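Spelled out from the first residue to the last, the chains are:
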Amino acid sequence: MKTLKDAKIGQTVTVIKLHGEGAVRRRIMDMGITKRVEIFVRKVAPLGDPIEINVRGYELSLRKADAEMIEIA
Amino acid sequence: MGIKIALAGNPNCGKTSLFNILTGSNQYVGNWPGVTVEKKEGTLKGHDDVIIQDLPGIYSLSPYSPEEVVTRRYLVTEHPDAILNIIDGTNIERNLYLTTQLIELGHPVVVAVNMIDLVRKNGDTIDLQKLSKALGCTCLEISALKSLGCQEAAEKAVELARNHTHGEMPHVFNGSVEHALAHIEESIEGKVPQNYLRWYAIKLFERDQRVRGELKLDSDLISHLEKHIVDCETEMDDDAESIIADQRYTYIGNVIDRAVVKKAPKYSLTLSDKIDRIVTHRILALPIFAGIMFLMYAIAMGSFPFSIGTICTDWANDVLFGQWIPNLLGGLLTSLHVSPWLYGLVMDGILAGVGSVLGFVPQILVLSFLLSILEDVGYMSRVAFIMDRILRKFGLSGKSIIPMLVATGCGVPGILASRTIEQDRDRKITVMTTGFIPCGAKMPIIGLFAGAVFGNSPLVATSAFFIGVGAVVISGVILKKFKALAGKPAPFVMELPTYHLPSARNVLRSTGERGWDFVKRALTIVLLSSMVLWFLQSYGFENGVFQAVQDNNTSLLADLGKAIAWLYYPLGWMGDMAWKATVATFTGLIAKEQVVMTFGTLYHYAGELSEEGSEIWAMIAADFGPVRAYSFMIFNLLCAPCFAAIGAIRREMNSGNWTLATIGYMCGFAYAISLIVYQIGGLFTGEASFGVLTVIAVAVLAGLVYLVVRKNRYADEPVKIGV
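Protein chains in written order, with my numbering: chain A, 1 to 73; chain B, 1001 to 1723.
Some clues are possibly wrong.
Think about it this way: if two alpha-carbon atoms lie no more than 25 Å apart in a straight line, the pair counts; the simulated SDA-like pairs of lysine to any residue are [claimed, not checked]:
hint, chain 1, residue 1, chain 2, residue 2
1, A, Lys43, B, His1500
2, A, Lys64, B, Lys1274
3, A, Lys35, B, His1500
4, A, Lys43, B, Ile1275
5, A, Lys35, B, Glu1226
6, A, Lys8, B, His1047
It is worth saying that the hints were derived from the structure and are not from the lab.
Please read all numbers here as calculations on a predicted model, not as lab measurements.
One chain only, chain A, in its complex shape (with noise of 0.2 Å):
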């Protein structure tokens, strides 16, 4: 399974589903991440971890353990 943890800078991709549970999840996806949305990856953190996304016009940072939970195309 690819995730967008694996995604590299640059990158667009599409998300086809949402793994993990709970608040986090939730979280995820009212910010914008559902099935089909298409997600440039920005950038790495200086340190490695985390992530800058854009989705659905905007900037979003998460953390790596996070963008597991994302399965992209």
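With the hints as your guide, set chain B onto chain A.
Chain B only, in chain A's frame:
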């Protein structure tokens, strides 16, 4: 009958600016019951009967964060007459996600599309008529930064509230989802207020535990509903929560396709992105952060020609509270011929205590001002972004770095700065550990012992700093394993808002609030404690008679010190210095710089004492061996902070028990470290000899190591939300 209008919107959408514009100075600030979420309300300018209730900035009405829960509860139980929903026009897609949920509550809604000036500048267009039609509610454009259209938007909300005008609910859901929702609505009709029918149906579809508990539906009905939900989930091949979020965003996507035209191509670099290319650059980010922090610290606390904060504080301490007010007040009291005890109480008790705390106000104001700017501009979330990796390991969040840095100047604004940390647990651990950082007022203590006992070695100050930072790191690791603070790290899914110019109104207001908070505390808790301490210091039994005493050594405070000095015996505080050290530690609670002044009085030094007390170094050196001096210094650096900081902890924890736990933890930790330093360190210098206490010290050290390395048993438990 008054009208209540709820102001709701995402974080960073300009809600605070709008609230300030609409209410001016008619604001009341408090806390939502049971949580440390700030509650603000005010009356609308020009309408004394209209109350604007500012709701916390949230992204959704999910049941998870305290902010979301208090907002939901307010909207459903307090029945506002209308909702004024402010949305960021430059980030309309995600902002409308909350809007669709607010509309479902069945209250009249006005949508204020903010930052319309920026939207136009970007060359984008938003067709408000199409937007209004699609959402079934009035949409207006405003610019909170430029105060355009704000009053009109509020007036519109008032009008809708007076007429109870509801729009037609938009058709957000379709297919089998709408089918299931309609079924649920049918089943619960009559059990919930009619206008909330859709809201409750959606929440039940999402299997929202809070709503299920609240409605107390019987199990037959729940299993009946469950069948509809499961059918729908099977058909859509997804879970209920995802289905709802998915259809919501799909609906918004369609609305935007019709009503919004963006000029710039997708993923192109905005000005904000270009700034971030440098500010969060892989190599440059950390040096830039260090530079900004240094500059902020230098302006507020440093000793440079441009250090406005220090210049004003020095002036306040030396001139205002050093000469003007004492002369004025002294002259006044003398001319009134007040009795000597009252003169002493006012001049030596109140003025000395309150003055020494109020002297810090300029530094606090300058620091708060600079911090507010960084917050308003949007830099704080970048700090969290670049620092998160390190701080997460200690149970802290990326945002904890700000309180810690500010605390090197003064712990009070440091602790108050923890407000910007959203996650409850991260914020609690930050508040509990920020007081360990050596603040400006602890510097004289370090200076006193460095000069008296350690030949002015710069290593003393350096080691004090590392002990402070070490205490934060070790405590973070220890605390995050306790059940009340344990659990999976809170999700770090954080928006990096577009940079924008700071609003003078917001910055000045927030600076004023923080400064006033500090002054209030000086005038209440510090005032009271200074009076008590003055009494204890000035009265005592001499020759068996209770009277005012000249000699501090016979004061009640000295008696008290002598009575409890044994507590500190294991730390090496013994002999004649023990009670003096004990008394100094207690006076340090008023303000840490009082420690040096207290030693001055206790060692009968009559003249004006310099800040680091160089006049009494010889006497201190005679009483304190190096290890004993170090043990005293560490205890005073790490134990309970001053009253002003304790007040700040109380305010940020919003709970008496958590405040007690914090103070208790800090004192216990300080005691443990001092014990280890004296008993084990003393063995090497010969100040302490091997005995029972050595064994205890080794056991305490082992205990600390255990607390640090033990397995986190609650690591996988979801973080509890205290609502």
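Hints violated by the structure (listed by number, smallest first):
3 and 6
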